[in-house]
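So the sequences go chain by chain: A and B.
Residues in the first sequence are numbered consecutively from 1, following full-length UniProt numbering.
Residues in the second sequence are numbered consecutively from 1, following full-length UniProt numbering.
Please keep in mind that the hints were generated in silico from the structure rather than gathered at the bench.
One should not assume that every hint holds.
As the list claims (entries may be wrong) - Derived pair list, reagent style DSS-like, types lysine-lysine, alpha-carbon separation capped at 27 Å: (1) A/Lys130 - B/Lys125; (2) A/Lys70 - B/Lys83; (3) A/Lys130 - B/Lys46; (4) A/Lys130 - B/Lys126; (5) B/Lys126 - A/Lys106; (6) B/Lys125 - A/Lys154; (7) B/Lys143 - A/Lys197; (8) A/Lys130 - B/Lys107; (9) A/Lys154 - B/Lys83; (10) B/Lys154 - A/Lys70; (11) A/Lys29 - A/Lys197; (12) A/Lys147 - B/Lys46; (13) A/Lys147 - B/Lys82; (14) A/Lys70 - B/Lys143; (15) B/Lys125 - A/Lys106; (16) B/Lys125 - A/Lys70.
Stated by the list, open to error - What follows is a set of in silico ranges between Cβ atoms, one per label pair, in the way DEER data are often shown: (17) A/Gly58 - B/Gln190: 48 to 58 Å; (18) B/Lys16 - A/Asp101: 41 to 51 Å; (19) A/Ala196 - B/Lys16: 38 to 48 Å; (20) B/Phe47 - A/Val155: 18 to 28 Å; (21) A/Val155 - B/Asp49: 21 to 31 Å; (22) B/Gln208 - A/Ala196: 18 to 28 Å; (23) B/Ser284 - A/Gly58: 51 to 61 Å.
For each residue, glycine too, the CB sits at the ideal point set by N, CA and C.
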Amino acid sequence: MELLCPAGNLASLKTALNAGADAVYLGLKDDTNARSFAGLNFTPKKLQQAAEYTKKCGKKIFLTINTFPKPGEESRWYQAIDLAADTGVDALIMADLSLLDYAHSKYPHLPLHLSVQASATNLGALKLYKEEFNIERAVLPRVLSMKQVRDLAKVTPVDLEVFAFGSLCIMAEGRCHLSSYVTGQSPNTGGSCSPAKHVRWQEVGSDRLTLLNDVLIDKSGLDEQMGYPVVCKGRYTTTENNTPSHILESPTSLNTLSLLPELAKANVVSLKIEGRQRSPAYVEQVTKVWRAAIDSYMSAPEKYQTQREWDLALAKVSEGQTTTLGAYERNWQ
Amino acid sequence: MKISLGPLQYCWEKQKVNTFYDQVAQSDIPLIYLGETVCSRRRQLKFADYFALAQMLKESGKQVVLSTLALLEAPSEYNELKKHVDNGEFMIEANDMGAVQAAKERKLPFVCGPTVNNYNFATLKKLQQWGMQRFVMPIELSKDWLTHVIEAEKPTPFEVEVFGHGYLPLAHSARCFTARQQGLQKDDCQIVCLSHPKGLLAQTMDDQPLLRLNGIQTQSASLIDLSSEVDQMKLMGVDYFRVSPTSLQSIEIAEQILLQPTSDKSLACNGYWHQSAGFSQVVSN
Numbered sequence: 001m002e003l004l005c006p007a008g009n010l011a012s013l014k015t016a017l018n019a020g021a022d023a024v025y026l027g028l029k030d031d032t033n034a035r036s037f038a039g040l041n042f043t044p045k046k047l048q049q050a051a052e053y054t055k056k057c058g059k060k061i062f063l064t065i066n067t068f069p070k071p072g073e074e075s076r077w078y079q080a081i082d083l084a085a086d087t088g089v090d091a092l093i094m095a096d097l098s099l100l101d102y103a104h105s106k107y108p109h110l111p112l113h114l115s116v117q118a119s120a121t122n123l124g125a126l127k128l129y130k131e132e133f134n135i136e137r138a139v140l141p142r143v144l145s146m147k148q149v150r151d152l153a154k155v156t157p158v159d160l161e162v163f164a165f166g167s168l169c170i171m172a173e174g175r176c177h178l179s180s181y182v183t184g185q186s187p188n189t190g191g192s193c194s195p196a197k198h199v200r201w202q203e204v205g206s207d208r209l210t211l212l213n214d215v216l217i218d219k220s221g222l223d224e225q226m227g228y229p230v231v232c233k234g235r236y237t238t239t240e241n242n243t244p245s246h247i248l249e250s251p252t253s254l255n256t257l258s259l260l261p262e263l264a265k266a267n268v269v270s271l272k273i274e275g276r277q278r279s280p281a282y283v284e285q286v287t288k289v290w291r292a293a294i295d296s297y298m299s300a301p302e303k304y305q306t307q308r309e310w311d312l313a314l315a316k317v318s319e320g321q322t323t324t325l326g327a328y329e330r331n332w333q
Numbered sequence: 001m002k003i004s005l006g007p008l009q010y011c012w013e014k015q016k017v018n019t020f021y022d023q024v025a026q027s028d029i030p031l032i033y034l035g036e037t038v039c040s041r042r043r044q045l046k047f048a049d050y051f052a053l054a055q056m057l058k059e060s061g062k063q064v065v066l067s068t069l070a071l072l073e074a075p076s077e078y079n080e081l082k083k084h085v086d087n088g089e090f091m092i093e094a095n096d097m098g099a100v101q102a103a104k105e106r107k108l109p110f111v112c113g114p115t116v117n118n119y120n121f122a123t124l125k126k127l128q129q130w131g132m133q134r135f136v137m138p139i140e141l142s143k144d145w146l147t148h149v150i151e152a153e154k155p156t157p158f159e160v161e162v163f164g165h166g167y168l169p170l171a172h173s174a175r176c177f178t179a180r181q182q183g184l185q186k187d188d189c190q191i192v193c194l195s196h197p198k199g200l201l202a203q204t205m206d207d208q209p210l211l212r213l214n215g216i217q218t219q220s221a222s223l224i225d226l227s228s229e230v231d232q233m234k235l236m237g238v239d240y241f242r243v244s245p246t247s248l249q250s251i252e253i254a255e256q257i258l259l260q261p262t263s264d265k266s267l268a269c270n271g272y273w274h275q276s277a278g279f280s281q282v283v284s285n
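Excised from the complex, chain A in its bound form (with noise of 0.2 Å):
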């Protein structure tokens, strides 16, 4: 099984590859991707050096070009293209048809990865996407349950990855309009769910308000501890019930650790590590946690069993400080 870690800069990736990576995954510094966070990704030199250091290492190198183009401006992703077929990247990870549609006929030895952007969920879909873009892989969306990847992966067409830690995105990515709902800006082609630019906090006595293009999205103590600010873990009230709640999900990270074997057993032949806005040492510590994990499932896969001080580790950097399966566990849903 692969370990697929994320880097925000050539720092993150140097970071991830010598704590254990087995690949990377990176953006360009502009809207071709979906974490188009400022002082984010990679110009076209930076991005030579880090594919030049990850085949030093032996390890891959995927570029995401993930986000959908605006009418009158698609050349700047297919410009995005050429320049990681020059670069030689091992794999390109894109949601959009025109995009896989470009990149498949004019680099065919290119391997292709179906983004999670793409929201493909069901054979159908790994089917049309294989049979017409000889796609390699797939990422799948965090909707899925346990049974539902593995009913998936004994008739996918494709080899499939998965989320197995990081943020917990709740609904079907790349079909998801609550940010730009509130604030005009979407994943799919500004490249970030709740833009940091529309967020902003506020103290009112012992209250810290949480405002996201000034639509109040939380209230908190100041001591709380507080994830990153998105439309899907504010606190609502309903016209059922008045007392403020995360009626959607609460601020949480997705961990996977103790369903490594499941994993491993429906031939999941990736698991991805979430967090490309994330600090260097954010992927430090995630990727040595997953490096051991893998090594000792792999050394002995019977005797696996998830270590404490793993999920200590990892609930350190989790948002909230806390953990879920999300939807893989069926009780989530």
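Go by the hints and put chain B onto chain A.
Using the frame of chain A, we list chain B on its own:
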């Protein structure tokens, strides 16, 4: 431009659904989308029931399209989808790429629903080559975006439909938020959606209506109302203006909307159409 009636997004009792479509049959709405798009656990109406309604509507002179689930997960859901595609009589609205594949494989025409990611002309052209006859613009896109698409190739090789009136389907999850709100698990949800015929309104802590829980779907609290944009849409060449039903009253609204803008603007939004935050109400010049 003509009117279409989108699929009923809520879980209503079978009798209420039948009453609704009996009235739709008497209306002058020419295009009707029909079927469960949100949750496969809602079984008030089975495929045979929807098929019978579709035939009844067809006999009353309507063009009918069978809508499919937005989020296809379990193999059982994918098999149920094939039943829709293989119905032999009605076109389907594909709301997931799995449904696109099912139609394409059988060389059947289809409509691409608003929850499929269509962000540029090249993508739409590809879908058209696979059999797409019409697409419903993804809800977060704008008038300017649509103008680009319509002008890319003349005549436009597919029809265009705009989600113009109703609550916006903003997201779909594995989790059932309505059941959770009642302290129930999805697998034992007791079909609590039946108690929320327009979803369950969620507000911020300073009482701003923000979202609407509808099972695994999260909708907008505000009602998108593009009725004042009808003349503009006609000029652009939009083929259908979609009314997404929220109550029996939606039939009347759908019949009137091309003639005059709706009068009730309380809690209305039109932000996406004007390239703004979806929940905002932009005053047109």
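Quick one: which hint numbers does this structure break? Sort them smallest to largest. Of the numbered hints, 2, 3 and 6 do not hold.
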